[in-house]
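Student: Listed here are the chains, written in short residue letters.
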Amino acid sequence: MTLRLTDITAAVFSLDAVYILTGLVLWVFAWLNFRDRGNRNRRGSALFWLILGAIFALGSVMPHWLTGVLVLVLVGLDGAGRVGHKAHDGETTKTGQAAAKEHSLGNRIFLPVLLIPVLALGFALVFRSFGGDTSRGALVGLGFGGMAALATGLALTKGTAREAFEEGRRLNDSMGSVIILPQLLASLGVIFAASKVGDLIAAGIKGVIPGESLFLLVAANCLGMTLFTLVMGNSFAAFPVITTGVLVPLIVKPFGVDPAMAAIITLTAGSTGTLMTPMAANFNIVPAALLNMRDQYGVIKFQIPFALTMWALHVILLWLLIRLTLTA
Amino acid sequence: MNITELFKLAGVVIVVVGLALRLRTTLVVVVAGLVTGLLAGLPLLTGAGVFEGVPVLTKPGQEGVVNILGRAFADNRLMTLFIVTLPAVGLAERYGLQEQSARFIRRVSAATVGRLLITYQLFRVLMGILGIRLLGHPAFVRPLVFPMALGAAESLAGTRDADTLPEREVERIKAGSAAAENYGNFYGQNLSPVQAGILLVYSTLTALGYAVSLWSVVLYAIPVATLSVVVAVAQFLIFDRMLRRRLAGPGEGGA
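From first to last, the protein sequence lines are chains A and B. Quick note: the first sequence, position 191, residue 191 per the numbering used here, numbers continuous. Quick note: the second sequence, position 107, residue 107 per the numbering used here, numbers continuous.
No lab work stands behind these hints, which were simulated from the structure alone. As the structure is a prediction and not an experimental result, all values here were calculated from the model. Every residue, glycine too, gets a C-beta built ideally from N, C-alpha and C. There's no promise every hint is true.
A few chain A positions that, by computed beta-carbon distances, are all more than 12 Å from chain B [what the hints assert, rightly or not]:
1) 10
2) 12
3) 81
Among chain B residues calculated to face chain A with C-beta under 10 Å, some are [stated by the list, open to error]:
4) 8
5) 20
6) 105
7) 146
8) 155
9) 158
10) 159
11) 160
12) 162
13) 164
14) 176
15) 183
16) 218
17) 239
18) 247
19) 248
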């Protein structure tokens with residue numbers, strides 16, 4: 001039996017290996033939650049992180065229907081209020097920050113954290129030199145960067161692995177079930193796209209705009225993205241819908257535009273909507289409460305001139321970049 | 001347009017109503033997805049494997065909405081991959097990461113409210129480039145940025161008591177502090193290939209059959225990120241002028 005070294009290397013440094021690693025970390029968080037007798041929700045919380053860990057570790061081999069059912073269990077647990085925490089004594093302060101140890105490491109404390117982006121970049125470069133996918137390289141680098149940062153941190157602080165996982169769990173719990181929200185919103189966008197919600201919007205756009213005007217199509221694309229974000233409170237669910245329904249069929253395909261360029265600018269056009277909507281409570285309403293503002297819409301009002309200016313700049317920039325790349 | 005087509009927008013209505021009623025966001029999002037899919041005529045499950053030929057729940061040749069949910073959730077695991085870094089980040093926080101960051105920000109001498117907010121936004125963009133996630137509002141804005149901004153406003157008004165500052169201006173300073181966090185966070189995070197926005201673009205385009213690279217997506221995020229800093233600098237400097245007019249003591253506020 002010959003297992004070639006390159007095969008083993010390819011398996012170890014794969015995206016699936018990093019997913020499994022993430023699953024293992026989540027299982028440790030689940031175990032720590034289960035052991036936490038001070039939390040009345042400990043069983044529900046432990047189950048939530050256990051299932052999420054399973055989706056991470058096994059998501060590439062599990063049938064999709066099973067993953068879907070597990071996601072339903074996750075949101076069912078969360079919806080029933082079984083995930084989350086009663087306040088703990090000890091390390092957690094009101095803002096969810098850890099109380100720092102007495103001795104200071106100075107700027108050296110940045111070292112482990114900076115190792116993560118450095119390794120993400122480093123892995124991408126190594127993958128490229130072997131003719132691999134640099135995107136995958138960055139993600140694999142993120143996973144191994146996390147582990148390398150942990151090892152460096154432990155050496156630097158003389159802390160214990162247990163301490164690290166307790167702190168990791170504290171961060172994890174402070175975000176709670178919200179941690180899966182971007183992933184869920186992206187999935188919602190995919191379901192919307194499969195249900196042809198985007199076609200509905202595209203039909204509306206085609207009804208008012210003559211097909212050949214690139215500028216008007218770009219403006220309508222950005223407007224659709226922003227309006228959808230305003231209503232949904234988040235650009236992540238709007239993005240797959242607008243991209244599959246409007247951007248790709250009306251702009252990318254007919255004009256032969258670079259999809260990466262058009263897509264990221266469409267996404268950030270949505271961000272201008274996030275700045276203007278009370279539906280994005282975490283960014284606009286919660287901070288107003290945190291700062292004891294009299295007007296809960298005060299943050300939004302401050303952001304509106306910025307957001308409108310940025311929106312107009314998005315339209316001009318996307319139109320300009322398309323014109324420039326097409327004539328080049 | 002067929003009127004039944006409009007039923008597909010039920011999911012949007014569910015999200016709006018659900019969030020307005022402060023129901024759990026995760027639950028609202030998934031219910032909206034299921035309802036939209038079913039109203040659009042998708043079956044609940046794909047009629048393959050164990051569900052081959054099952055009536056009602058499946059339709060021949062169509063992917064079920066639960067399957068789509070599972071597939072999309074698994075495909076977008078990249079967006080939540082950062083969990084693998086939490087033990088390292090948590091450990092660094094325990095040994096003073098936040099305090100050291102705060103010291104770093106405090107060292108920057110920013111004489112005015114506007115300049116301080118610009119500095120904080122740039123710090124936030126830098127964190128975005130490095131792929132470092134912060135709960136900025138509770139961790140930095142409330143305990144650090146707003147008090148420092150208030151301090152700058154006090155020295156502008158020549159007072160040591162924040163209560164003597166006009167309430168309207170204090171409200172605006174609070175709003176500006178929160179806005180600096182949002183501006184820096186929203187546009188800075190797209191400068192890193194391992195942050196959620198870039199990964200969403202990557203997974204969406206890949207699913208549509210376009211072979212794109214994370215790095216090219218980041219490259220095209222640079223112009224917008226640059227513009228966001230320019231526009232914010234303009235806004236914060238205008239804000240500074242407004243504060244000078246309203247707060248500065250007699251003799252300083254002229255012209």
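Student: Against this structure, judge whether each hint is valid.
Tutor: Checked hints:
no., hint, verdict
1, 10, "holds, 19 Å"
2, 12, "holds, 15 Å"
3, 81, "violated, 8 Å"
4, 8, "holds, 5 Å"
5, 20, "holds, 8 Å"
6, 105, "violated, 13 Å"
7, 146, "holds, 6 Å"
8, 155, "violated, 20 Å"
9, 158, "violated, 24 Å"
10, 159, "violated, 20 Å"
11, 160, "violated, 21 Å"
12, 162, "violated, 12 Å"
13, 164, "violated, 17 Å"
14, 176, "holds, 6 Å"
15, 183, "holds, 7 Å"
16, 218, "holds, 8 Å"
17, 239, "holds, 9 Å"
18, 247, "violated, 17 Å"
19, 248, "violated, 21 Å"
Figure legend: structure checked against the earlier numbered hints; hints not met, in rising order: 3, 6, 8, 9, 10, 11, 12, 13, 18, 19.
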